[in-house]
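Q: Given next are the chains, with one letter for each unit.
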Amino acid sequence: MRIRFRFAKLGKVRFTSQRDTARMWERALRRGGLPLAYTEGFSPRPRISFGLALPTGCESRAEYLDVALDEDRIGPDGLDVAALPDRLTPLLPEGIEVEEAATVSRAEGSLQQVVTSCSWTLRVAGVDRTGLGALVAALLDATEVPIARERKGREERDDLRPSVLTLAVAAAADDEAADPIGRTLGLVAELATQPRGVRPVELVRGLAVGADPGHLPVLDRACRTEQWIERDGLREEPLRRTAVPADAWRAPHALERAS
Amino acid sequence: MGREMDTLWLQVESLLPHVSKPARYIGGELGSQEVEHRPGAVSWLLLYPDTYEVGLPNQGLQILYELLNERQDACAERSYAPWTDMEAAMRAAGVPLFSVEHHHPAGQFDVLAFNLSAELVSTNLLNLVDLAGVPVRSADRTSVHPVVVAGGHCAFNPEPLADFVDCFVLGDGEEAVGEVNEVLAAHRGPAGWGRGAGDDRQGRQRLLRALSTVPGVYVPSCYEARYDAVTGRQLGLAPRFPETPALVEKRTIADLAAWPYPRAQLVPLTEVVHDRLNVEIFRGCTRGCRFCQAGMITRPVRERPAEQVRTMVSDGLARTGYDEVALTSLSSADFSGIEDTVTSIIDDPACSGQVSVSLPSLRVDAFTVGTAAQIQRVRRTGLTFAPEGGTWRMRQVINKLIREEDLYAAVDAAFGQGWKRVKLYFLIGLPTETDQDTLGIVRLASRCVEIGRRYHKGVTVTASVGGFVPKAQTPFQWFGQNTVEELTRKVHLLRDAARPVRGLTVRWHDPRATAAEGIVSRGDRRIGAVIEHVWRRGGTFQEWSEHFDLDLWTSALAASGLSLEEVVYRHRTEDEALPWDHVSAGLHRDFLWQDFQDALAEHGLEDCRWTPCYDCGACTGFGVEHVVASAVPPAGGSQGTGQDLSTGGQVPVRFLPTAPTGAAPGRGPGQDTAVLVGEGRG
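In order, the protein sequence lines correspond to chains A and B. With the first letter of the first sequence counted as 1, position 193 gets the number 193 in our numbering; the numbers rise by one all the way through. With the first letter of the second sequence counted as 1, position 670 gets the number 670 in our numbering; the numbers rise by one all the way through.
None of these hints come from the bench; they were simulated from the model. Don't be surprised by glycine CBs; every beta carbon is placed ideally from N, CA and C. Treat the hints loosely; a few may be bogus.
Chain A is faced by these chain B residues, among others (derived, beta-carbon under 7 Å) [as the list claims (entries may be wrong)]:
#1 Leu-16
#2 Pro-17
#3 Pro-22
#4 Gly-28
#5 Leu-269
With the rest of the complex left out, here is chain A (with noise of 0.2 Å):
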């Protein structure tokens, strides 16, 4: 049996790694008791499997793991699998939230090789709203933007520009509502995560390449919004959503709590 999550990942929390994330998840679906089926040999893991990892520092609404169930140690009750997320996110540190939960088939391939594209909401900040419109222009009007890509410890050239899907300077009364104090600006972005996924700093510094030097833009925060699959020749998400949240924009930062 094999359970879909899909959670979001907001605030402090937003700083550990996609390994630590997978640990965070292990022990808290060992403390909620689920029968986990673990991997054969002398060293036996559970079987959970995640998607495309986040950057450490970016946020997400849209995380997804897959968590192989042990059928023979389901009880005779079986396993309210709606009531999942409810059970879970108490057992997780805060910050991370699970919205979703369901079965899925076995022939359904993994996360890592079905999610296409990711939607992104990104902050950035030090430019204007005209100097970063001209910015978002330059890099959609190009055929290519090499940027510096780290690979194994190496740096290689790499073009940013078929990665890009979409790209706009978010409205401003949604820039408003997410930084009043209007440090930061919003980017709205669909990236491809094939042949590889672009990071959100990539992003930036694929702006960056015809940029003034005294004004760079510079990626403040970042939160993937969505990741894309495409089934029968549609885009959709790997779980339906029960709701969307309509304020994703501003749940960064609404969701922050001073300490």
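Chain A is already provided as a structure; the job is to place chain B on it using the hints.
A: The following block gives chain B in isolation, referenced to the frame of chain A:
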């Protein structure tokens, strides 16, 4: 006086995208407390002077964290040493040291309390006090500054840090921490000490004098150091006040069962060392290994009742979600009925067969491996044994009475039951050590490889070799440490001898770091200036090889008119005043001296847990005794009692006449080196 502390979170948050492993600075651990700073409560910041990953698991600090937060008149938060990139960012942005719970500024706490587990963290202690915005020297602090407290094993020679630490607490902290807190609370106020007190030193001095009367507490400023006019060495300390005791004796809790802590072990959001549930099954050890400070200063043995161990394990696993539990102590296989205890843990249905139990510090015998095989059936990576000495003679000197046949039986059992990697710990630079003893390490380890080959082709044995640092309050406290050159020579001897042996790897601790540890280990008050010199020149994180620099230490010694010869390499004489004579772990000085003489005569000494007392002083002095459930030593192996210690069961070896190549001319005995080959080799 209740008060609001400032939070630095927004400043800290702006730094985190630019530093490595930012999760170290966000707190949020399971078990982390919503700390309420109540009116009148003394606020403690508990500090581990190394990184978060190393410091968070420290059980001593976690115990104090819970005990203090349970009190109405106290509260406690935690902090760790920021890594160098974070420290640079903090200093550049003017952000002081902060607590991980609420990001409160360290300088706003009443107490900065440090755990000192290793000598070389001492420069980090200075750095953290400085990052807190507090003067690093006690003498420069006024009544408004926090009190700097330190405890832990290194407190048993407190003198190197006497200039910087206001008060040391010796021994078990469970009871002492409350008594110290009461004195702190009583002296706080406008006319005393604390924020809001007058900016003078009188309130602070009154507080420190009062603290010096708490049993187990040593306040360096309440003592006058006397120095020899000719040699400059510290001759002793005289109390400056009538109420200050001349001898400060450690605290010992009589019954571990009364202290089932930590009740809610911290589970960090990010990976740390020892990332598992830890349950302390007993405290103290009387194996009597003469090099081991931990075993000497934590006596007597106090076992936790097996039933309480089981409860702490099952509650802890359910609460944390960990799938591994370590039953911790200085020698966990010695716990009475250890097999029953671990069996009941893995057979607990709540664990559903997926919990791994680990016993740090395995005893060396096949019986123990059998237990290990049973309990580590979930994950089986490597097994570690610590024979410490390469020959039976050497092991008699250090009183680590492991027979060769026990080691081989243990290794045979380990490889036979599926382990493919075995790690062996050894010390070099021990008293009376000859090159034959040193090379015995390779001989033993090579035999272990051969034994393993009978089971698998790809077995590996790692001999991990550390340079011996004599420690205060041990029988070897008089022994002059081997020089950097001598330890390096021995390391090369081992490396060259091991090179032809396939499957054997020798790893060693940097002899230069060993020398620096020796400076702090047995130094007197003059070493304070040395530590400050190293710190002022950027010498933080000296436990980390990428930051360690012996030149900083030797130039600091020279600046104080000292040398490695004087402080580290020199044998102390029987009648010489030792810098730690005014603090006591209960052990009589004449017992320690006699044990040193027995060592030199190669006499082993049995474990007093199961044999008559030989009056070391640890029990009798404090009116406590061993709490051990079993009246007889564990079955099997040679570390019990009743064995014939005169034989040692040495496996015969053949001597080949050729000297190993690359053996540098040595000093002292043992120059006539020979290749020693176990008889099993073809």
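Q: Compare the structure with each hint and give your call.
A: Each hint tested on the structure:
1. The beta carbon of Leu-16 of chain B comes within 5 Å of a beta carbon in chain A, closer than 7 Å, and the hint placing it at the interface holds.
2. This hint holds: Pro-17 of chain B has a C-beta 5 Å from the nearest C-beta of chain A, less than the 7 Å allowed.
3. Taking 7 Å as the C-beta contact cut-off toward chain A, the hint placing Pro-22 of chain B at the interface holds, the least distance being around 4 Å.
4. Hint status for Gly-28 of chain B relative to chain A: holds, with the closest Cβ pair at about 5 Å, below 7 Å.
5. Interface restraint check for Leu-269 of chain B: the shortest CB-CB distance to chain A comes to about 5 Å, inside 7 Å, so the restraint holds.
Of the numbered hints stated above, none is contradicted by the structure.
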